[in-house]
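Once you've looked at the hints, dock chain S against the given chain P.
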Amino acid sequence: QQQVKQSPQSLIVQKGGISIINCAYENTAFDYFPWYQQFPGKGPALLIAIRPDVSEKKEGRFTISFNKSAKQFSLHIMDSQPGDSATYFCAASKETSGSRLTFGEGTQLTVNP
Amino acid sequence: GAGVSQSPRYKVAKRGQDVALRCDPISGHVSLFWYQQALGQGPEFLTYFQNEAQLDKSGLPSDRFFAERPEGSVSTLKIQRTQQEDSAVYLCASSPGTLGTQYFGPGTRLTVL
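Protein sequence lines, in the order shown, are assigned to chains P and S.
Those letters in the first sequence? Residues 1 to 113, per the numbering used here, in order.
Those letters in the second sequence? Residues 1 to 113, per the numbering used here, in order.
Don't read these hints as lab results, they were simulated from the structure.
Among these hints, one or two may not hold up.
Claimed, not checked - Rough simulated footprint, nothing fancy, chain P against chain S, three-plus residues with beta-carbon under 8 Å:
no. : segment
1   : 10-24
2   : 31-40
3   : 69-76
4   : 93-102
Built from N, CA and C at the ideal position, the CB exists for glycine as well.
The following block holds chain P by itself, in its conformation from the complex (with noise of 0.2 Å):
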């Protein structure tokens, strides 16, 4: 049972631009909603995260926009760099019950110079 949905699968972006990825998830009890970056041969980082009492959470050019009423979350890049190329992984877990992490299927970004 796939209970964070993550899309695009892959996305390429100009320079400058917008890149925006979205995940779903079905288990109302999640509490917690990181993002984490991952390089090629790393283990993943924690980009930003946010709990479902505020709407968005904004990071220098990284915003996370949260939607409790949907089940939706998203995570917005401004001004994307060649050095944001990564592969992305939204995440779930519920903070009371041992912080495991259910992560989305990932999406691989490329922004192209």
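This is chain S only, laid out in the frame that chain P set:
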């Protein structure tokens, strides 16, 4: 300070061999997680430790998989009688408390021939 380290980084095993994968979490981190990442997929939860106690092992795919963290620090994931479907990257993550950010290691890439 040092991040999460894992060893070996690469492991090739013949089908039927036993393997042991090591994780050194960030010093003082209470929580430790193991995930399995198949090629082109998001990480999938295997097991969770809070200090030395294994609180959740529901993600272990079979009784061939065993994990321990005897002193609440270093952890070892052991796979007995490896099969080809065990080929994956095994990621370890640690967290300072029982909630919040998980910091991932670089992973161990296991290839079973």
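Going through the hints against the structure:
Coverage of a stretch by a chain is defined here by at least three residues with a beta carbon nearer than 8 Å to that chain's beta carbons; for the segment 10-24 of chain S and chain P the count is 0, and the condition is violated. Counting residues of the segment 31-40 of chain S whose C-beta lies closer than 8 Å to any C-beta of chain P gives 4; at least three are required, and the coverage claim holds. Remark: the segment 69-76 of chain S is not confirmed as covered by chain P, as 0 of its residues place a Cβ nearer than 8 Å to a Cβ of that chain, below the required three. Coverage of the segment 93-102 of chain S by chain P holds [criterion: at least 3 residues with CB-CB distance below 8 Å; count 7].
Hints 1, 3, counting from the list given before, are not met by this structure.
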